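Protein chains in written order, with my numbering: chain B, 1 to 344; chain X, 1 to 341; chain G, 1 to 519.
Hints in this document: simulated from the structure, not taken from any laboratory. Keep in mind that this is a model prediction, so the values were computed, not measured. Just so you know, not all the hints are guaranteed correct.
Claimed, not checked - Once the Cα atoms are required to be at most 25 Å apart in a straight line, the calculated PhoX-like pairs of lysine-lysine come out as:
no., chain 1, residue 1, chain 2, residue 2
1, G, 341, X, 231
2, G, 462, G, 332
3, G, 167, B, 228
4, G, 332, G, 290
5, G, 135, G, 167
6, B, 228, G, 135
7, X, 206, G, 413
8, G, 462, G, 334
9, G, 413, G, 449
10, G, 243, G, 69
11, G, 409, X, 206
12, G, 69, G, 167
13, X, 231, X, 207
14, G, 449, G, 462
15, G, 69, G, 413
16, G, 399, G, 409
17, X, 231, X, 206
18, G, 399, G, 413
19, G, 449, G, 69
20, G, 341, X, 206
21, G, 409, X, 207
22, X, 207, G, 341
23, G, 334, G, 290
24, G, 399, G, 449
25, X, 258, X, 188
26, B, 228, G, 69
27, G, 409, G, 449
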Amino acid sequence: MSESSPAIPNRPACGPRIAQFLRTYYIYFVLLLVVAVLSMANLDRFDLFERGNFLNPNNIINILRVSAPLLTLAGAFTLLMVSGYIDLSVGSAMGLSAVVYALLAINGVPFLPAFAMTIMVGAMLGAINALLVVRLRITPVIATLITLSLFKGLALLLVEDGVSAIKSGGGRSMPAWFNDYGREGVLLGLPMAFWVAVLVTIALIVAQSRTLLGKYAAATGGNPTAAKLSGINTGGIVALLYVIVGITAALAGIARSSFMSLGDPLSGDGMELTAILVVLLGGTAFSGGEGKVLRSFVGALIIMALTVGMLTLVPAYYQTLVLGTALLAAAASNHLVSRKETAS
Amino acid sequence: MTTSRKTVETLSNDRRMSDETFITLLVASAAVGVFVLASAVVPNFFQPLNMLNLVTNNWAVISLGIGVTFLLVSGNFDLSVGGNVALAGVLAVWLAQSADGAHALSTGFGLPTTLAILLALCGALAIGGLNAFFVVRLRVPSIIVTLGTMMLARGIARVITQGSQRNTNLPDDFGVLGNLTLFDTAVKLPVVLMAALLVVAIVVEKKTVFGRLTYLIGANPVAARLSGVDKARHVTYLYLFSAAIAGAVGILLASEFKSGFSNRGMLMEFDALVISLLGGVAIAGGFGSVVGMVFGALILAVVTSAATGLVLSPDWQFILKAVAVFCAVTTQTWALARRHR
Amino acid sequence: MAKPRDAVSGSTKGIGVNGHPPTPALSVEGLTKDYPGVRAVDNVSFSIARNTVHCLVGENGAGKSTLVKMLTGALRPTSGTMTVRGAAYAPGSPHDARQGGIATLFQELHVVDQLTVQENLTLGMERSRFGFLVKSDLDRRAVQTLAAIEPSIDPTMRVSALSVAQKQIVEIARAASSGASVIIMDEPTAALSEREVERLFAVIRRLRETDVTVIYISHKLDEIFALGDAVTVLRDGRHIATKSLSDVAGQPELIEMMIGRSVFQTYVPRPSVTDEAVLTAQGLTNHRLKSVSFHINRGEIVGFYGLVGSGKTEIARALFGADTVSGSIRFKGKPVERSPKAAIRSGIALVPEERRTQGLFTSLTLRPNISVMNTRRLSTHGMLRSADERAVAAEYVHKLRIATNSIEKYAEKLSGGNQQKVVIAKCLFADADLLLLDEPTRGVDVGAKTEIYDIIRELADKGRSVAVFSSELEEVLGLCDRIFLLFAGTLEAEIVNGPDVDVSHILHVVTGSGRSVAP
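Modelling step: build the complete structure from the supplied sequences, incorporating the hints.
What follows is the structure, encoded as structure tokens:
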């Protein structure tokens, strides 16, 4: 902070400080708790992946590889919710990007151009959301439900009839490099997709704390009238955030598609729910203004550890129940925290 | 004195068209428009049976649309109905399955069908109660709550069915309700129930205090409270009713197919929302009607079946829905602005 | 009391260094604002000297808020010009006004709770390179400004942790460091405690030393004498005087300028007044009220008179069960259940303060608006009898002369006065024995005002009781049989209305002059 900061006579009292500490760091405790419980639980069943227990490096690498799409998405989604808006179309945008990327690859476009083109598609999808919400003033929920349906329809149409996804077969085959991005370890055994997620998150953490975008997003969500009176172009900020969310949805689609080595139009289904869950778990207020990119990233790690870790303990069909319960629990705890804040 | 009596009489006989009627008429003419267009363009579209099917095939979504419309008018979402359809169906089957099955998925509780159905309805109501608790007491935005309960309900259904379905070892009377045909026609009981429900809903909406309160709460919750309306109680009722309808739909579907399928009702919450929006319900609350919702359902049915008739791939339905909702939302804003100019 | 500075530009004492009168901080010339049927501000001209605290006073409806809205760019004047430090000034929006050097402290705070103090200080004025925030002089200046006027606020703290008074000071520091030469403060002490008021005054005095001119709007006359250098008085939209406060003899003179007449609409004692108490309140206490006790008699019109923030609205809402309050309320001899629904059932109705957000269903038509409080009377077994409902709506439209050609007209399409009549109609139809009216004629044209007064009197004459909560003295003096004077949440005095009511005594009580405020 500035060196001219004067002495600080009125620090908040001790009680609020503990509450503040808990609010800031509880998410890390939750992560530790989840990891601890999973690593103590029924060890032999982890041979689903590799022999060994939950903390086995191979298992961790596996979890992080699968988590790449959600980790990529969580940060941008957080900033959008901080500004008081929501995007229900991320799952469809992800599916559409996955299909586009796979189509480009299967038709002989090399990695980098295919990558870049898919990202541009993602940016465009975000721009469509921005157009509906900012320019046409359609309520965010409805606008992004419209695009949810639209993107999903487009993705399904891009896959020819009788096939469920873009994949090798029928005389065409996926290029050999297609898997590398999502699976092949490049550093610490982790693939590009994971490191891109980390880079995106770092970029967004910096953006949130050091750029106009982060500050204006908080102002737009916290007190829209004050933001407008201060001359902030709130519409522009929101539009930019929708585009960024679109780009990260495309990155997530690429990661998922590369991991599964196919372009599945439904591969992002339900992603909007998981994204909301992760962001709420990270302590972002649904009323806007509040929330941290890093905490949502950790929230995403928790959810992925839970869902993948759970697979080893209980059958896969428990997943929906666990996610639904977690979403309600996150919403309830969020409510309790925010009420405490207004009460003090 | 006579003149003043006259003024009062003239005023009270005033029945000018409300914005709602205006929008409903607009939606109705749009429905007729797409129907005529589809009949002209699509081969073999114009057949009596086809027209009847437009409604009867959609009985489930239209029924769900009633609860969803009432909630939207009061200013709240209900996205849990699809999950609730699955939950109630699965519960009913599970409870009715006899207790001596060969393996887990064919073993239930062997309760009498009636009791199984009643308990399944209670399960659906519990989801509705949970919605109400989170929305009314904890004041969590309804969209987030009902997304959560949607997953919760479907999640329970998936656990009960181990991710697939239960369809064996059911008593014979379990399949009666959903397949009962009436008056020696092809019209099934669920369709008749939907029609009855619609009539009741329209009466409640237009003619009762309960319907009026729904609009008042949606139009201005603060003024409603200061006018003596118990908002918490009313919204709780609405969520319970919506859940009850969803439960009934789920049970009827389970009975029709004699199976409890955990993926049943997928996207039904979405379709129910879509037909309400097509029917002119405003998500800001305080505006919309059940009749409009029915016409919205007709528009959607005509458009999707016309698309099938034109041999478009079924994948087109998502794009068509998106375009239809977009047109509905923007046209409504524009039409009301013009009307009030 | 500090000696007011030489504050009226153009006065003989106001000679600048070079012998010319210094450029005024702000001057307005022939400023006029017309609304349909009303001239809210009528040809107002005055100027404000630099580095002074200039007070703006006048009764409700005198045109203060319209004038301020023009200064802040929220409204455009019908005619007339404004000048800031010699340069023409015509803001099109509050943001324009800030660019033009005029910042405003509105009653609702415009800080972002979720950001830190420092981030708020520079909001919208940050320097950036490629979108990255860059520390600039402004950051340092803003923090220094804040440290200078209120060193106890830590700039790294989140604003949500500050009190209302501290948030205000953050806003002031932001305005001052952004280079505003004029800061307008609209009733800044309404939500502050006495100690916080003293703090704020110290801040304002320090601001004056730093080449900032403050336009201070307040009803509290002792504050004006404690703080101000000069005062401008408005009355009925017209400019009455601009004077150095050292030339004003005292509060009586100021009050006389504000009221301009000693004759009010004459109060006629009404025979319906009984001494049979219908409502008794004992020791009402909550976040705003301090042990308020009173009773209201059958057939009586009582007035609760006080300034903004004196607790009027809180009393009304407490009686109606809309807010929590401790203490006892007995209505018709029985304790009342505390909810609006129960209040209406037991015979209390409220016309709330904010007509559009609290009283009306603007997106619905008149018919449901009028019937809402008493749907029981219009229904059998939960079914509405629509013919009866239409008849009732028509009857009230006719009886209250609501200007509409249809009961199916949307409430938002009516004028303010007619909207207010709809809200009153709603409460009349509730058939209440006690009608509470909070600011019943705010934003209502003169014609409708008289009609609303007639309705109130007629109601009381029929043996119902009415409580009027108002910040317009003329209203309570013309209407009420008994008047309770409120100041800062306490009931200070009770006055029986009559020809010999001492107006300046009332103003003394409600402005808190009897008490000691900031030195």
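Against the structure, the hints come out as follows:
no., hint, verdict
1, G:341 - X:231, "holds (10 Å)"
2, G:462 - G:332, "holds (17 Å)"
3, G:167 - B:228, "holds (18 Å)"
4, G:332 - G:290, "holds (24 Å)"
5, G:135 - G:167, "holds (23 Å)"
6, B:228 - G:135, "holds (23 Å)"
7, X:206 - G:413, "holds (23 Å)"
8, G:462 - G:334, "holds (22 Å)"
9, G:413 - G:449, "holds (19 Å)"
10, G:243 - G:69, "holds (23 Å)"
11, G:409 - X:206, "holds (18 Å)"
12, G:69 - G:167, "holds (22 Å)"
13, X:231 - X:207, "holds (19 Å)"
14, G:449 - G:462, "holds (20 Å)"
15, G:69 - G:413, "holds (24 Å)"
16, G:399 - G:409, "holds (17 Å)"
17, X:231 - X:206, "holds (19 Å)"
18, G:399 - G:413, "holds (20 Å)"
19, G:449 - G:69, "holds (24 Å)"
20, G:341 - X:206, "holds (23 Å)"
21, G:409 - X:207, "holds (19 Å)"
22, X:207 - G:341, "holds (22 Å)"
23, G:334 - G:290, "holds (23 Å)"
24, G:399 - G:449, "holds (15 Å)"
25, X:258 - X:188, "holds (15 Å)"
26, B:228 - G:69, "holds (17 Å)"
27, G:409 - G:449, "holds (22 Å)"
In summary, this structure violates none of the numbered hints.
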